[in-house]
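**Student:** If you want the building blocks of each chain, they are given just below.
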Amino acid sequence: MSHAVSTKRYEGLHGALVEFDTPEALIEACEKAYAEGYRKMDAYAPMPVEGLAEAIGFKKNKVAMCVLIAGCTGVCFGLGLLEWIAGIAYPHNVGGRPLNSWPAFIPITFECMILFSALTALVSMLAMNGLPRPYHAVFNVPAFLRASVDKFFLCIESEDPKFEPNQTVEFLNSLGGVEVHYVPE
Amino acid sequence: MDPIEKAKENNIQLPSELIPDPGPNIVLGRGLDYTTVTDRIAGIVYLPWKNSPKKWLVGAFISFCFVNLLMLAVYLLFTRGVGIWGLNIPVAWGFAIINFVWWIGIGHAGTLISAVLFLVKQDWRTSINRFSEAMTLFAVACAGMFPILHLGRPWLFYWLLPYPNSMWLWPQPRSPLEWDVFAVSTYGTVSLVFWYVGLLPDLASLRDTAPSLVQRKIYGVLSLGWRGSAIHWHRYQKAYLLLAGLATPLVLSVHTIVSFDFAVSQLPGWHTTIFPPYFVAGAVYSGFAMVLTLVIPLRAWYNMRDLITLRTIESAAKLMLGVGLIVAYGYGSEAFFAWYSGDKYEAFMYTNRMFGPYGFMYWLLILCNIAIPQLLWSQKVRHNLAMVWTISIVVNIGMWLERFEIVVTSLHRDFLPSSWGMYVPTKWDIATYAGTIGFFMLLIFLFVRFLPSISIFEVREQVHHDLHAAPVEEHV
Chain S
416 MSHAVSTKRY
426 EGLHGALVEF
436 DTPEALIEAC
446 EKAYAEGYRK
456 MDAYAPMPVE
466 GLAEAIGFKK
476 NKVAMCVLIA
486 GCTGVCFGLG
496 LLEWIAGIAY
506 PHNVGGRPLN
516 SWPAFIPITF
526 ECMILFSALT
536 ALVSMLAMNG
546 LPRPYHAVFN
556 VPAFLRASVD
566 KFFLCIESED
576 PKFEPNQTVE
586 FLNSLGGVEV
596 HYVPE
Chain E
109 MDPIEKAKEN
119 NIQLPSELIP
129 DPGPNIVLGR
139 GLDYTTVTDR
149 IAGIVYLPWK
159 NSPKKWLVGA
169 FISFCFVNLL
179 MLAVYLLFTR
189 GVGIWGLNIP
199 VAWGFAIINF
209 VWWIGIGHAG
219 TLISAVLFLV
229 KQDWRTSINR
239 FSEAMTLFAV
249 ACAGMFPILH
259 LGRPWLFYWL
269 LPYPNSMWLW
279 PQPRSPLEWD
289 VFAVSTYGTV
299 SLVFWYVGLL
309 PDLASLRDTA
319 PSLVQRKIYG
329 VLSLGWRGSA
339 IHWHRYQKAY
349 LLLAGLATPL
359 VLSVHTIVSF
369 DFAVSQLPGW
379 HTTIFPPYFV
389 AGAVYSGFAM
399 VLTLVIPLRA
409 WYNMRDLITL
419 RTIESAAKLM
429 LGVGLIVAYG
439 YGSEAFFAWY
449 SGDKYEAFMY
459 TNRMFGPYGF
469 MYWLLILCNI
479 AIPQLLWSQK
489 VRHNLAMVWT
499 ISIVVNIGMW
509 LERFEIVVTS
519 LHRDFLPSSW
529 GMYVPTKWDI
539 ATYAGTIGFF
549 MLLIFLFVRF
559 LPSISIFEVR
569 EQVHHDLHAA
579 PVEEHV
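Heads up: the protein sequence lines correspond to chains S and E, in order. Numbered by the numbering used here, the letters in the first sequence go through residues 416 to 600 in order. Numbered by the numbering used here, the letters in the second sequence go through residues 109 to 584 in order.
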């Protein structure tokens with residue numbers, strides 16, 4: 416592989432990370448950072464925090480749409496499979512019932528709908544989140560180990576056009592967090 | 109603490125003092141914060157063997173012995189055929205189908221607790237939802253075994269699935285038995301997905317706090333690199349909500365379809381419209397009983413009385429009582445229609461069920477499922493854990509008897525007296541059944557040991573919620 420041309424303005428620096436003790440402090444910090452004009456940032460919490468994703472400007476959650484599409488696909492697949500088996504592949508007269516006895520096909524169609532939707536809920540959530548992903552730059556900060564336990568973090572990424580190492584760290588310091596870290600790539 | 113230092117010491121212990129129950133008014137005990145809930149719940153997984161409760165070791169060993177009994181019974185079944193069981197004509201559906209229905213019913217409370225109670229925002233479910241989801245999964249595994257073992261040639265089980273084969277034969281899609289294949293396999297898969305999605309953030313917590321490198325690697329792989337990003341949480345919550353919404357109709361459909369196996373036939377005692385709701389209620393009933401049977405000792409063994417509090421147990425007991433009344437209504441309705449329909453076969457079947465050769469089991473069933481659980485009306489009984497635990501065992505037995513009644517007494521004396529017969533289980537019937545109980549218990553023991561048995565991140569949310577909620581009166 417040839418050397419890829421880095422689009423990063425700050426080679427080797429993923430961003431700057433600030434640590435908080437409570438989810439309320441984190442939300443407030445996110446809102447301030449957004450108001451300050453930062454857009455490429457992410458907040459990390461050990462539990463879902465209401466309003467946090469919105470505070471960093473996240474709007475479009477497409478999981479529900481994917482699941483709806485999968486559910487419809489499941490219905491078509493289930494009903495199609497049964498109609499094809501009972502009507503075309505293996506037409507069989509059972510007690511004089513019509514070949515297209517669709518009410519009897521509903522249970523399996525329903526199960527297919529649930530199966531397709533549930534698997535899609537898992538897969539689409541993981542895929543849009545970019546998981547599985549064993550390595551991520553934020554893991555380079557030792558303090559980040561507690562992001563899955565009891566600490567709350569805001570990371571402003573170096574790809575943000577407004578990012579400038581010294582100024583951004585100064586801004587993060589002004590947010591009243593516990594500690595600010597550079598995040599090496 | 110530095111993880112390497114932690115690994116060297118690795119002398120994690122359960123809290124040495126007995127932690128008291130905070131009473132029936134609050135979901136979580138006082139004094140828990142984000143850090144301590146993680147340490148307490150994950151601490152169980154990190155316990156070195158020497159600090160494991162002795163009861164765990166004894167329990168896991170006994171269960172393991174029963175798993176061996178199961179393997180022996182299944183080996184004999186494979187080599188000699190279903191003749192080693194007490195099956196005959198007319199009773200071609202013996203223990204295998206009784207146990208199948210019993211196990212799948214037990215699974216249902218797990219989905220109910222994790223999905224339905226999530227949708228209706230019952231906060232007391234938080235501390236037991238992970239555990240009951242695991243219970244669902246293991247119960248479905250046990251349930252799924254029985255119809256396959258019952259097939260006669262179990263190694264050809266894949267003939268049940270619609271797939272293009274050399275004979276160009278397809279399964280009959282109008283048959284409830286075929287619906288069952290789809291319902292149970294979908295239920296198993298969706299339960300697994302739901303359970304794993306719930307586990308994902310907790311696996312990340314384990315990855316970041318485990319004392320040994322091996323544990324950090326294993327949980328690291330399983331956690332898929334979860335890092336708790338706000339955007340990830342947003343999608344995660346949406347996916348979880350949708351899964352709960354999908355699991356709710358699914359759980360109703362599964363036992364409905366299981367009841368169709370019976371209700372769609374012509375047999376007196378099976379051919380009734382009350383079956384689907386009555387089966388679903390019975391399933392939830394037995395499931396709550398099993399949750400209580402398992403959770404009450406678990407919280408005592410691991411000193412978790414402030415995490416799984418009396419409020420949770422009392423709420424589950426109340427729900428069990430409520431669902432039990434629906435089951436009682438089902439029995440009443442069956443008896444009423446046997447008389448009111450004027451159908452002599454139905455009437456005979458019900459008289460035979462009550463006063464025939466298996467009559468004692470019917471009255472035992474009424475005692476276990478209807479009479480004894482009424483004690484739960486009393487708050488004193490609900491607050492007495494030994495009583496709640498005993499009643500939960502009684503209900504488990506009662507629900508098994510119910511399935512025995514439905515399967516055996518309907519089949520053994522049907523329309524033609526010349527084709528009547530009796531059903532007696534053999535020792536291999538009993539060995540297979542006891543073996544699956546051992547298998548189920550072993551899986552539960554291993555689950556408690558290797559995965560967080562309480563959802564850590566949901567308890568953190570509850571801690572956060574409690575910090576901002578108005579203080580509640582402590583129970584005295």
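Among the clues, some could well be false.
[Stated by the list, open to error] Only pairs whose alpha carbons sit at most 20 Å apart, straight line, appear in this in silico EDC-like list of lysine to aspartate or glutamate:
hint: 1; chain 1: E; residue 1: Lys229; chain 2: S; residue 2: Glu465
hint: 2; chain 1: E; residue 1: Lys346; chain 2: S; residue 2: Glu465
hint: 3; chain 1: S; residue 1: Lys477; chain 2: S; residue 2: Glu579
hint: 4; chain 1: E; residue 1: Lys346; chain 2: S; residue 2: Glu469
hint: 5; chain 1: S; residue 1: Lys447; chain 2: S; residue 2: Glu600
hint: 6; chain 1: S; residue 1: Lys447; chain 2: S; residue 2: Asp436
hint: 7; chain 1: S; residue 1: Lys577; chain 2: S; residue 2: Asp565
hint: 8; chain 1: S; residue 1: Lys455; chain 2: S; residue 2: Asp565
hint: 9; chain 1: S; residue 1: Lys455; chain 2: S; residue 2: Glu469
Since the hints were made in silico from the structure, they are not lab data.
**Student:** If a hint holds in the structure, say so; if it does not, say that too.
**Tutor:** Here is how each hint holds up against the structure:
| no. | hint | result |
| --- | --- | --- |
| 1 | Lys229/E / Glu465/S | holds (15 Å) |
| 2 | Lys346/E / Glu465/S | holds (12 Å) |
| 3 | Lys477/S / Glu579/S | violated (32 Å) |
| 4 | Lys346/E / Glu469/S | holds (14 Å) |
| 5 | Lys447/S / Glu600/S | violated (25 Å) |
| 6 | Lys447/S / Asp436/S | holds (17 Å) |
| 7 | Lys577/S / Asp565/S | violated (30 Å) |
| 8 | Lys455/S / Asp565/S | violated (24 Å) |
| 9 | Lys455/S / Glu469/S | holds (13 Å) |
Of the numbered hints stated above, those contradicted by the structure are hints 3, 5, 7 and 8, listed in ascending order.
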